[in-house]
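*Asks:* Protein chains in written order, with the numbering used here: chain A, 1 to 361; chain B, 1 to 361.
Source of the hints: derived by calculation from the structure; they are not laboratory data.
C-beta atoms are modelled at their ideal positions from N, C-alpha and C, and glycine is treated no differently.
Treat each hint with caution, since some may be false.
Sample of chain A residues facing chain B (criterion: CB under 8 Å; computed from the structure) [claimed, not checked]:
#: 1; residue: L40
#: 2; residue: P42
#: 3; residue: A50
#: 4; residue: R55
#: 5; residue: V57
#: 6; residue: V58
#: 7; residue: T60
#: 8; residue: P67
#: 9; residue: V91
#: 10; residue: T148
#: 11; residue: T164
#: 12; residue: R165
#: 13; residue: I288
#: 14; residue: G290
#: 15; residue: P343
Residues per chain are reported as follows:
There are 2 protein chains.
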Amino acid sequence: MAPDFGLPANARSETLAEVGEIETLRQIFPRLPRAAAELLGPGDDAAVLAAPDGRYVVTTDMMIHGPDFRAAWSTAHDLGWKAAMTNLADVAAMGARPTALVVAIAAPLDTPVEVLLGIADGLRDACAAAAPGCGVVGGDLSVSGTLTLAVTAFGDLEGRAPVTRAGARPGDTLAVAGTLGRAGAGIWLLFRDGVVRHGGDGAGDPDAVLGAALRREHPDLIEAQLAPSSPIASGVDAALGGATAMLDVSDGLVLDARRIAQASGCAIRLDPGAIAREARDLLDIDAIVGDHAADFVLAGGEDHALLATFPPGAALPEGFRPIGEAVPVPAGGRPDALVGDRPYDERAGWDPYADWDGHAG
Amino acid sequence: MAPDFGLPANARSETLAEVGEIETLRQIFPRLPRAAAELLGPGDDAAVLAAPDGRYVVTTDMMIHGPDFRAAWSTAHDLGWKAAMTNLADVAAMGARPTALVVAIAAPLDTPVEVLLGIADGLRDACAAAAPGCGVVGGDLSVSGTLTLAVTAFGDLEGRAPVTRAGARPGDTLAVAGTLGRAGAGIWLLFRDGVVRHGGDGAGDPDAVLGAALRREHPDLIEAQLAPSSPIASGVDAALGGATAMLDVSDGLVLDARRIAQASGCAIRLDPGAIAREARDLLDIDAIVGDHAADFVLAGGEDHALLATFPPGAALPEGFRPIGEAVPVPAGGRPDALVGDRPYDERAGWDPYADWDGHAG
Numbered sequence: 001m002a003p004d005f006g007l008p009a010n011a012r013s014e015t016l017a018e019v020g021e022i023e024t025l026r027q028i029f030p031r032l033p034r035a036a037a038e039l040l041g042p043g044d045d046a047a048v049l050a051a052p053d054g055r056y057v058v059t060t061d062m063m064i065h066g067p068d069f070r071a072a073w074s075t076a077h078d079l080g081w082k083a084a085m086t087n088l089a090d091v092a093a094m095g096a097r098p099t100a101l102v103v104a105i106a107a108p109l110d111t112p113v114e115v116l117l118g119i120a121d122g123l124r125d126a127c128a129a130a131a132p133g134c135g136v137v138g139g140d141l142s143v144s145g146t147l148t149l150a151v152t153a154f155g156d157l158e159g160r161a162p163v164t165r166a167g168a169r170p171g172d173t174l175a176v177a178g179t180l181g182r183a184g185a186g187i188w189l190l191f192r193d194g195v196v197r198h199g200g201d202g203a204g205d206p207d208a209v210l211g212a213a214l215r216r217e218h219p220d221l222i223e224a225q226l227a228p229s230s231p232i233a234s235g236v237d238a239a240l241g242g243a244t245a246m247l248d249v250s251d252g253l254v255l256d257a258r259r260i261a262q263a264s265g266c267a268i269r270l271d272p273g274a275i276a277r278e279a280r281d282l283l284d285i286d287a288i289v290g291d292h293a294a295d296f297v298l299a300g301g302e303d304h305a306l307l308a309t310f311p312p313g314a315a316l317p318e319g320f321r322p323i324g325e326a327v328p329v330p331a332g333g334r335p336d337a338l339v340g341d342r343p344y345d346e347r348a349g350w351d352p353y354a355d356w357d358g359h360a361g
Numbered sequence: 001m002a003p004d005f006g007l008p009a010n011a012r013s014e015t016l017a018e019v020g021e022i023e024t025l026r027q028i029f030p031r032l033p034r035a036a037a038e039l040l041g042p043g044d045d046a047a048v049l050a051a052p053d054g055r056y057v058v059t060t061d062m063m064i065h066g067p068d069f070r071a072a073w074s075t076a077h078d079l080g081w082k083a084a085m086t087n088l089a090d091v092a093a094m095g096a097r098p099t100a101l102v103v104a105i106a107a108p109l110d111t112p113v114e115v116l117l118g119i120a121d122g123l124r125d126a127c128a129a130a131a132p133g134c135g136v137v138g139g140d141l142s143v144s145g146t147l148t149l150a151v152t153a154f155g156d157l158e159g160r161a162p163v164t165r166a167g168a169r170p171g172d173t174l175a176v177a178g179t180l181g182r183a184g185a186g187i188w189l190l191f192r193d194g195v196v197r198h199g200g201d202g203a204g205d206p207d208a209v210l211g212a213a214l215r216r217e218h219p220d221l222i223e224a225q226l227a228p229s230s231p232i233a234s235g236v237d238a239a240l241g242g243a244t245a246m247l248d249v250s251d252g253l254v255l256d257a258r259r260i261a262q263a264s265g266c267a268i269r270l271d272p273g274a275i276a277r278e279a280r281d282l283l284d285i286d287a288i289v290g291d292h293a294a295d296f297v298l299a300g301g302e303d304h305a306l307l308a309t310f311p312p313g314a315a316l317p318e319g320f321r322p323i324g325e326a327v328p329v330p331a332g333g334r335p336d337a338l339v340g341d342r343p344y345d346e347r348a349g350w351d352p353y354a355d356w357d358g359h360a361g
């Protein structure tokens, strides 16, 4: 059966099968934002978008029921919001201004149309909140046994060079915009306390009532996981501020810092004092993280903060705070992320194949 | 269990779960074609593409195991080929030259890596055959219970206006490039003779041995369905030849001609003599279509021929043959497609929600 995302039985709308593809699309389109860059919008074989500087930025990402979200915990609005935000963050991480999305949705035949409309609303609200002027220029609606969102996002570099992962140089300041650790703490909490256990093996089913209670009690952590707010505009600010390298922290601070190190051929030294400060801030936000605060900061993914390096002495753009520096690769070492002078030994980051137990919820 | 696409048991490679996401991507990427328009390729948060005339064409489409393909009949190479070709056709139908694809794949954990490599090979070979210079600039690999491909394709208008569906005017010649009816006949044949029936209700399971035999005996029809060849280069030729409207025939000639009629505010008259000629040609290709030949021509989808209108008297670009004309809307009538002077009464085209019986195969 299709996930109903907790819609009460008496509020359940007609299903995709009952309403049909064409009528469902007719209801969805007016809810979606128009893109300022749109030269030709939905309804033809393809859309046409403006690329004023003769280039465009492109990224694509899928969200899948089971590994990427559980219908017991996420609302339909959350799904649209998160699918937009994660892709917008990838565009922002190039130093580009997001201009447009195309969105393909595949859903079970018995999915309530209300769920698809909620996804559309989430896409719209994320664009409005994080990237005004960015809109949806096209899409596709299909049938699948597994609810799936595939978003492709576009951006405008506005004449600037793209900020890749490869430009960090020893001496550069490492800085971050956005939150660290909240989304990781949120998913930890959901899997710890939002699941109804069955049997003694620790497996269980995500539970809507438990999830809703957690969201009320720990809104900062749960919202960061289910409907993250990436500092999208800070991507352009970083580029204008001279950022030498940048990415969005999707898999954890250490793992993503390592990616900058490897692409740039340097080491990235996370400042232990800054990490301790971040951990204290996370603890202040929600004491439930307890002794794990630093681990969430270092290894928790999915906040979609922007992590960037700036030339030595450069003034950091508003919204960025220093968190370390780029340093030479230690003698005999390899490009890596270090906490102080040591590698971070915990399993760092999120392996989508290791963490899914098959219970889609 | 994941579809193995008929790989013999002793040739089955390791699975996605065993090999892991990163190593699988490492094996996939060298197989993919580079795009001539690529300024920054895979490996960063996003790719950067050239848009020399300051615009770009975008389209997206998903292919899903079950409604869109059956693993018993398609090879992995077919999937990659068809996913590329259908998106390239949408770009071509705007009069644009395809430049690049991004490809998101979601697969069950027990999918053999060989299947993912086969998909990559199909993507590459379709680009090489139909759109040289077009390459894959980015992607995403995820876990899902349902094998899913989401392709977004890009194109370059090279300074020309896009050819929409809305520009047909009474007196214009209607012309087609590519085949009509073969893919529809192919899927009819597969569902008629490629299924092992169980029970008396007509339901059944797609069968690999039966499918392979049909492909040997009826290669033109089955190939057109499983690995269609759209005349991609004819899209640019049509635009250069002054096409006033164009689309690719994905849902059937009548249904797609109606789309031109409705967008353009005219009627589209299919010439009965031309339809009869198309039906005879289809019968010559494979006599098994028998009395259904004209219906396959009129209502069979998925050949991805290009259907376009040209100004009265214009020389048709090579590859296009006349098949009708745009005419005024009859008094008291509505914009529609007509065969001769009459509407086509059969159910026209392909409704993805009506035709899926749930057997993924």
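*Asks:* Go through the numbered hints given earlier and state which of them the structure violates, listing their numbers in rising order.
*Replies:* 2, 13, 14, 15
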